[in-house]
Amino acid sequence: MKSSVITFPGSNCDRDMDVALKKFGFKNKMVWHADTELPKSDLVVLPGGFSYGDYLRCGSMASKSKIMKSVINFANSGGMVMGICNGFQILVETGLVPGVLLRNKYLEFICKNVFVKINDKKNKYFKNVDNEVLEFHIAHNEGNYFCTNDQLKEIEDNNQIAINYCDENGKIEDQFNPNGSINNIAGIFNKEKNVLGMMPHPERMIDTSLSGEDGSLFFKNLINNLK
Amino acid sequence: MIVNEQVAVDHGLNKDEYAKICDLLNRTPNITELGIFSAMWNEHCSYKSSRLHLKKLPTKGKKVIQGPGENAGVIDIEDNDAIVFKIESHNHPSFIEPYQGAATGVGGIMRDVFTMGARPIANLNSIHFGSPQHKKTKNLLRGVVHGIGGYGNCMGVPTIAGQTSFDSSYNGNILVNAMTLGLVKKNKIFYSKAAGLNKPVIYVGSKTGRDGIHGASMASASFDEKIEEKKPTVQVGDPFTEKLLLEACLELMAGDSIIAIQDMGAAGLTSSSIEMASKGNLGIEINLNKVPCRETKMTPYEIMLSESQERMLIVLENGKEEQAKKIFDKWNLDFAVIGKTTKSKRIELYFNQEKVADIPVNTLVEKSPMYDRKWKKAKLPKKNKIKKEDIKHLKIIDVLKKILANPNVCSKEWIWQQYDHTVMGDTIQKPGGDAGVIRIHGTDKAVAASVDSSAVYCWAHPLTGGKQVVCESFRNLISVGAKPIAITNCLNFGSPENDENMGEFVECVQGIGEASDYLKFPVVSGNVSFYNQTKDQGIKPTPAIGGVGLIKDYKNMITMDFKEVNNLVLVIGKTEGHIDQSLFARNILDEKNGPPPEINLFNEKNNGETVLKLIDNKLIKSSHDVSLGGIITAVAKMCIKGKKGINIKKPKYLINEMEYLFSEDQGRYIIEINKKDFKKVADILNKNAVHFDELGTISENELYINDKTKVTIDELSTSNKSWLRNYMSK
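Chains Y and B, in that order, are what the protein sequence lines are. Quick note: the first sequence uses my numbering, first residue 525, plus one each step. Quick note: the second sequence uses my numbering, first residue 387, plus one each step.
Hint data in this document are derived by calculation from the structure and do not stem from the laboratory. A virtual CB, placed ideally from N, CA and C, is assigned to each residue, including glycine. Be a bit skeptical, because a hint or two may be false.
Ranges between beta-carbon positions, derived for each pair [unchecked claim]: (1) B:Lys1004 <-> Y:Ser601: 51 to 57 angstroms; (2) Y:Ser601 <-> B:Asn942: 27 to 33 angstroms; (3) Y:Lys695 <-> B:Lys769: 55 to 61 angstroms; (4) Y:Thr732 <-> B:Asn466: 27 to 33 angstroms; (5) Y:Glu656 <-> B:Lys1029: 41 to 47 angstroms.
Please put together the full structure from these sequences, using the hints given.
Rendered as structure tokens:
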């Protein structure tokens, strides 16, 4: 399986993603934001970080960078595109996934482990994951997902919500919502479910010595689903 | 502008210093030259009050590759790997403008580290604020934390440990000390010594603006009521540009085109160019029209003194300019050839074809003033005797809960959750433990780092306090299973012109020197911050020690959370019952006098090395050093972290229960071992003549003391975790 990780100026989880993808068997290439052509890929990842310093609005400038035209075409033709954290913010700015990401409710950066409940498994990202609940890690300042009521109805009707913040038993309640996201939304798909944007970092959960192993579960499953 | 004595005084120079400048130049300096002298001769850059004493610190050791004098210290961690590290203060700017002050402190120290070719892999910080009741404290704390996070998070470097304290002596002068560790191959370390004639001098990074002019001078003076007016001297940080600068510099460093490189920190272009010339025993000629400027009509004076951030100065090999420029173009950064090295041993500046400054380099460096300031030796205060009636009404659990909720002991989760501590995927011990630990990427090795200070002890008796801080750092590293290698120090003091403050400095440095010498824990880098003073009121002496140690196999790392019910808990080291200057004395008995706990360096070394031996033999399940709040506080924290309880039986010492549980004797650790290993552990401890007590057995969720007093761990956890969160949300 071939993957590509895009490096924007200011990306800082690009190497971590590269390490994770390779660990679980992807042949990964790093792609520079100023390139115009994507290498042949089964998966494209927009990594976390502070692309273009997150000036103007998080992800906004990156969404207009040269490589993004190819990424958008790739996504529109059914290619798998995953945006993590800043990558999610970039996806939102391109319009590939609906909604926006606001500043966290308490106006503070949050770095900690969270639990997320998988809402939909009829997609290549979460199909065959045995667990209902995963322990992931978040590290962001602008992860407060918001959309209009109409949009919310639409993404709910289409089952576009990927994961919700919850407790370890899968209970989705306000007290387990770290950033104020509407309906505890932590990640969403596009309509076709080939594009996934999520705030949590599975690449930081690939080792028992680090925060935990549920990221390993995610990546192992992902590469099997793509085969 | 005409330069005279008054202008010199306005620049922070005294009359004698001005006379010396005129004498050295054999003429009156022009305003640009005066600005350069004032920047190089201020306390912050010249170490004029501290140099004499710093020379006495032990700086050498088998593992030391580079000691003080470079951008940062470098130590060997084997297999051609080296760690570059340093701590630096950004106290004055952080008080005036907390967000930018703290942010640029973090940015500056990271630049010091990557200037040497190392990729930053961990940040730490030591931050100190006034009394929680003081009207400025909350906003300063919030601003500083946001600033540290804002910069470090954007750089993608994890903040793995830190220290936060509150004390009314910081009401008018907060402390913000930032520390960075970087990783470099031993054969790819870059230094700031220029070499060779007619080599191009290159400016890279951000453009130069009018921000931060005289920042270093401002940091070399006391505060008064007009300090808010100094806001324009605070630099403004742009972590995004620094991230680009980091990547571009490391890309350039992969080749062989750099002769010398120096970041533009305090006193900007002035100190960077002069340091490179001075170390290489060369001259430098700069055409100031070539310096990329952000604002129009900047004068030579402003260009030389600006402290705009995210800039570097490089001396390049001839003919490598194009190749280097390509890299900086790729990262969208300015790149300009602004001058060349010369044999003149002078710094010569040109602007609009005119020579605007011409100063022999040695007058700015070697011939800068050095003072042997007057200092007063501190007396060891008399011990207090605790009266039975003072403590008989106290209930242990109430006291414990109060101590766990004390601002200086309570959980700092509210702070470190705002720092990205997991980026780079190698943080194997997060903030909240004895030390932060990061794996060396792709290897089995890990590096532990901790930052400590004990202002109260240093204030009560500077010599003892100085020793204690080094020992505490030593202990924190050992507690996580790391072999201590070296330290960096950030020496925060009041005015050196006051003989008491100067005495505190001299004796703390002496204490640091004695302990680091004895423990073979040399000082490889550091920074002095004087004038942490508002009018006549100085801070408590606060030397902060950043220690670094190595864990050869990261799987042997130890954490402090209790692991298993029925395991035994031991106290390593003798408890004498020293209460003076303890949290118990100061906050519960309201007794502020008395000496700090004594330091016995032999015991420190022996106890520490023996604990390491136990760890190497895989006999320790969890460990934690005993510090503020004594044995019971240390144990309670291990219970909270491990969500376990403990049954404590006070050993049959002569001292009473309160003294046993709350005293702050040094050189002690709490360790958890498996019952079946007790004999092996006891043998090793006895063989090494290490005193230990059997304290108790791990149980489920309750803390019992001598079968009569109990409390649930949840209750203790709430006391420990709620204070800061509540304080900040009010």
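Hint numbers contradicted by this structure: Violated hints (numbers, rising): 2 and 5; every other hint is consistent with the structure.
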